[in-house]
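Given the structure of chain A, go ahead and fit chain B onto it with the hints provided.
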Amino acid sequence: GAVVSQHPSRVICKSGTSVKIECRSLDFQATTMFWYRQFPKQSLMLMATSNEGSKATYEQGVEKDKFLINHASLTLSTLTVTSAHPEDSSFYICSAKLGGTYEQYFGPGTRLTVT
Amino acid sequence: AQSVTQPDIHITVSEGASLELRCNYSYGATPYLFWYAQSPGQGLQLLLKYFSGDTLVQGIKGFEAEFKRSQSSFNLRKPSVHWSDAAEYFCAVGGLRGWSGGGADGLTFGKGTHLIIQP
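If you read the sequences in order, they're chains A and B. Heads up, the first sequence is in the numbering used here, so the first residue is 2 and it goes up one at a time. Heads up, the second sequence is in the numbering used here, so the first residue is 133 and it goes up one at a time.
Calculated from the structure, these hints are not laboratory results. A hint or two may mislead.
[Claimed, not checked] Derived DSBU-like pairs: lysine-lysine, alpha-carbon spacing no greater than 35 Å straight-line: (1) K181/B x K42/A; (2) K42/A x K200/B; (3) K243/B x K67/A; (4) K200/B x K21/A; (5) K15/A x K56/A; (6) K243/B x K42/A; (7) K21/A x K67/A; (8) K181/B x K67/A; (9) K181/B x K65/A.
[Unchecked claim] To list a few chain A residues with every Cβ distance to chain B over 12 Å, as calculated: (10) I13; (11) G17; (12) S19; (13) V20; (14) M48; (15) T58; (16) E60; (17) G62; (18) T81; (19) T83; (20) V115.
[To be verified] Not the full set, but computed from the structure, chain B residues with beta-carbon under 8 Å of chain A: (21) G191; (22) G226; (23) F241; (24) K243.
We put the beta carbon where it would ideally sit given N, CA and C, even for glycine.
This is chain A alone, in the form it adopts within the complex (with noise of 0.2 Å):
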């Protein structure tokens, strides 16, 4: 149980345009999700926070209305990186957290490259 899948796992843009990566929670109800960015051998670093229905708390340095967060239902985010620069290039985790629960499951990640 507690699976959340990602997708796509991979996916490579012109820079200008926009790409948008789901996180889904496969076999529960996820009331908050969670996107991470990690750059290349270096740390996760929280971006946002997302609950069902409303809008995304945003990291302090995160750009809103580059990282646009959706969190439409309580299986589903999404993340669209806006007008996509090549140092947008990383690696997107998400996880979902289960109301009244402290533990948090994440995704497999989405590798993103802006060419």
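For chain B alone, kept in the frame of chain A given last:
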């Protein structure tokens, strides 16, 4: 400032030898503590977690960790490593921003320790 410190960037251990990875955190109360392993290009695998209770926590694959409040530490140990244990290991802490009850703050991760296993 709230933080998680993993002082060892790289550790090399011979296969069959014991392992200890260090993690220290800075926080005013008891946080929730996690250890994850990450293989190259892969997601995170939860090894173990501490929320409350017994300070010695048993995890998967023979890993254990001990929460020491007086030292603000949560070191990961394994008595005998296997070649398949080679990975990046991250210590993570929840509750650094007022996590309470149904609160939902994200985790703060340490910078990671790269574990190399020598044959």
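*For the pair supplied as a hint, K181/B and K42/A, is the alpha-carbon distance within the 35 Å limit?*
Given pair K181/B, K42/A holds - Cα atoms ~23 Å apart, limit 35 Å.
*Does the interface hint hold: is F241/B within less than 8 Å of chain A, judged Cβ to Cβ?*
With a minimum Cβ separation of about 5 Å from chain A (threshold 8 Å), the hint on F241/B holds.
*asked:* Is the claim that V20/A lies outside the interface with chain B correct, judged by CB distances over 12 Å?
replied: Since the minimum Cβ distance to chain B is about 18 Å, V20/A lies beyond 12 Å and the statement holds.
*Minimum Cβ separation between T81/A and chain B greater than 12 Å?*
Check passes; 19 Å lies beyond 12 Å.
*Does the structure keep K243/B and K67/A at a Cα separation of 35 Å or less?*
Distance of about 25 Å is within 35 Å: holds.
*Identify whether the interface hint at K243/B stands, where standing means a beta carbon of chain A within less than 8 Å of its own.*
K243/B check passes; min Cβ-Cβ to chain A is 5 Å, inside 8 Å.
*Has the given pair, K181/B with K67/A, been kept, meaning a C-alpha gap of at most 35 Å?*
Holds, at about 33 Å.
*asked:* Does T58/A clear chain B by more than 12 Å, comparing its Cβ with all Cβ atoms of that chain?
replied: violated, 9 Å
*Hey, K42/A versus K200/B, does the alpha-carbon distance stay inside 35 Å?*
holds, 28 Å
*Taking 12 Å as the cut and beta carbons as the points, is M48/A off the interface with chain B?*
Violated: least Cβ distance 9 Å, not greater than 12 Å.
*Given as non-interface: G62/A, partner chain B, CB spacing beyond 12 Å*: Check passes; 14 Å lies beyond 12 Å.
*Interface restraint verdict for G191/B against chain A (beta-carbon cut-off 8 Å)*: violated, 13 Å
In the structure shown, a violation is registered for the earlier hints numbered 4, 14, 15, 16, 21, in ascending order.
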